[in-house]
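With these hints in hand, go ahead and build the complete structure from the sequences.
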Amino acid sequence: AEGCSNRCSYCIIPKLRGRHKSQPLENVMTEAQGLVSSGVKELVLVAQDTTAYGQDLNPPVTLGHLISGLAGLFAGGADEPKFFPWIRVLYGNPESIDESFVRSVADHARVCSYFDLPIQHASNRILKRMGRRYTREKLCRLFRRIREIVPDAVLRTTVILGFPGETDQDFQQMLDFAEEIRFDHLGVFVYSDADDIPSHRLRQHVPLGVAQDRYDQLMSTQMDIAAEKNQKHIGRTLQVLIEEDLGNHLFAGRASFQAPEVDGVTYVNTGTSAAPLTIGCFARARINDAMEYDLMGDVA
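The letter at position 35 of the sequence shown is residue 35 when you use this note's numbering, and the numbering goes up by one with no holes.
Hints should not be assumed to be uniformly reliable.
[What the hints assert, rightly or not] In the DMTMM-like style, the derived pairs of lysine to aspartate or glutamate whose C-alpha atoms are separated by at most 20 Å in a straight line are: (1) Lys41 <-> Asp245; (2) Lys128 <-> Asp168; (3) Lys15 <-> Asp196; (4) Lys138 <-> Glu148; (5) Lys15 <-> Asp193; (6) Lys229 <-> Asp263; (7) Lys138 <-> Glu95; (8) Lys21 <-> Asp56; (9) Lys232 <-> Asp263; (10) Lys229 <-> Asp184; (11) Lys229 <-> Asp176; (12) Lys15 <-> Asp56; (13) Lys232 <-> Asp289; (14) Lys21 <-> Glu31; (15) Lys21 <-> Glu95; (16) Lys128 <-> Asp193; (17) Lys229 <-> Glu180; (18) Lys138 <-> Asp98; (19) Lys229 <-> Asp289; (20) Lys232 <-> Asp294; (21) Lys229 <-> Glu292; (22) Lys15 <-> Glu2; (23) Lys138 <-> Asp176; (24) Lys128 <-> Glu95; (25) Lys229 <-> Asp294; (26) Lys232 <-> Glu180; (27) Lys232 <-> Asp298.
Rather than coming from a laboratory, the hints here were simulated on the basis of the structure.
What follows is the structure, given as structure tokens:
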């Protein structure tokens, strides 16, 4: 899709790109088939509001319907689904996500159990000033429901700190929320002002130094959460998509719970006895060490 029909006060995308406009389902399917046929190992669905996909089509379709169709493109035994291309969805919206999409993720092994839902904040007062039409309470219910339907769900979000009017109390609510939900991945941005966005006209802009201090505090909290979550992978054998040869029998890649460019990586050591891995292949790696964001393992 292109464009966005939301009117968040910090964003200029609707003004630049217009309202949300979904690609016809058959176009997406054709493009995906061509990519897989050419050897692509991961399909990433992304838009400004990915979970709103298809609501503007005639007749309307859902993202869950598209996901099911994409999963059906791949042949192969049910016992080895992770050797076939992954399907990953990025940049959903808590306002437009529906349960049919969540269930489609649960129903298809080739779809990464990865939910990227930028919430932007967890203070109801700040969410209202941002133009986000949900509450902290709704977010709690949403993430709880996702984890009920998809027990191995990986949750990723991004937030903006230092938004105009954000008080110490608002920030504390955001910090408490991150500790309560315990996101697997969390990205933090300091509010960036511009005179052509609606939030520029809001009062009580936060000094950059204050926003940076809040950034540091939230990132420190998330680093501890991420390090603890990574510990659970030690001793497990994971499927890793190999992306880089680092030399000296060491390769870098990603597990299904690591999205490209925004999350940590998994390092795989082949040792001197194993054959070198091929860029773009899947490899099994037994994890023996975990850092704050990255994992380390030996080829299995």
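Hint check results:
1. Lys41 <-> Asp245: holds (17 Å)
2. Lys128 <-> Asp168: holds (17 Å)
3. Lys15 <-> Asp196: With a Cα-Cα distance of about 10 Å, the restraint between Lys15 and Asp196 holds, given a limit of 20 Å.
4. Lys138 <-> Glu148: Status holds; Cα separation ~15 Å.
5. Lys15 <-> Asp193: holds (16 Å)
6. Lys229 <-> Asp263: Satisfied, since the Cα-Cα distance of roughly 13 Å is no more than 20 Å.
7. Lys138 <-> Glu95: holds (10 Å)
8. Lys21 <-> Asp56: holds (7 Å)
9. Lys232 <-> Asp263: holds (17 Å)
10. Lys229 <-> Asp184: holds (7 Å)
11. Lys229 <-> Asp176: holds (18 Å)
12. Lys15 <-> Asp56: holds (18 Å)
13. Lys232 <-> Asp289: Holds, at roughly 10 Å.
14. Lys21 <-> Glu31: holds (17 Å)
15. Lys21 <-> Glu95: Given that 20 Å is the threshold and the Cα spacing comes to 17 Å, the pair holds.
16. Lys128 <-> Asp193: Measuring from Cα to Cα gives roughly 18 Å; hence the hint holds.
17. Lys229 <-> Glu180: holds (14 Å)
18. Lys138 <-> Asp98: Judged against 20 Å, a Cα distance of about 13 Å means the pair holds.
19. Lys229 <-> Asp289: Distance of about 12 Å is within 20 Å: holds.
20. Lys232 <-> Asp294: holds (13 Å)
21. Lys229 <-> Glu292: holds (9 Å)
22. Lys15 <-> Glu2: holds (12 Å)
23. Lys138 <-> Asp176: Holds, at roughly 16 Å.
24. Lys128 <-> Glu95: Roughly 13 Å separates the two Cα atoms, so the pair holds.
25. Lys229 <-> Asp294: holds (11 Å)
26. Lys232 <-> Glu180: OK: Lys232 and Glu180 at ~18 Å, within 20 Å.
27. Lys232 <-> Asp298: This hinted pair holds, its Cα atoms lying about 16 Å apart.
Going through the hint list in order, the structure satisfies each hint without exception.
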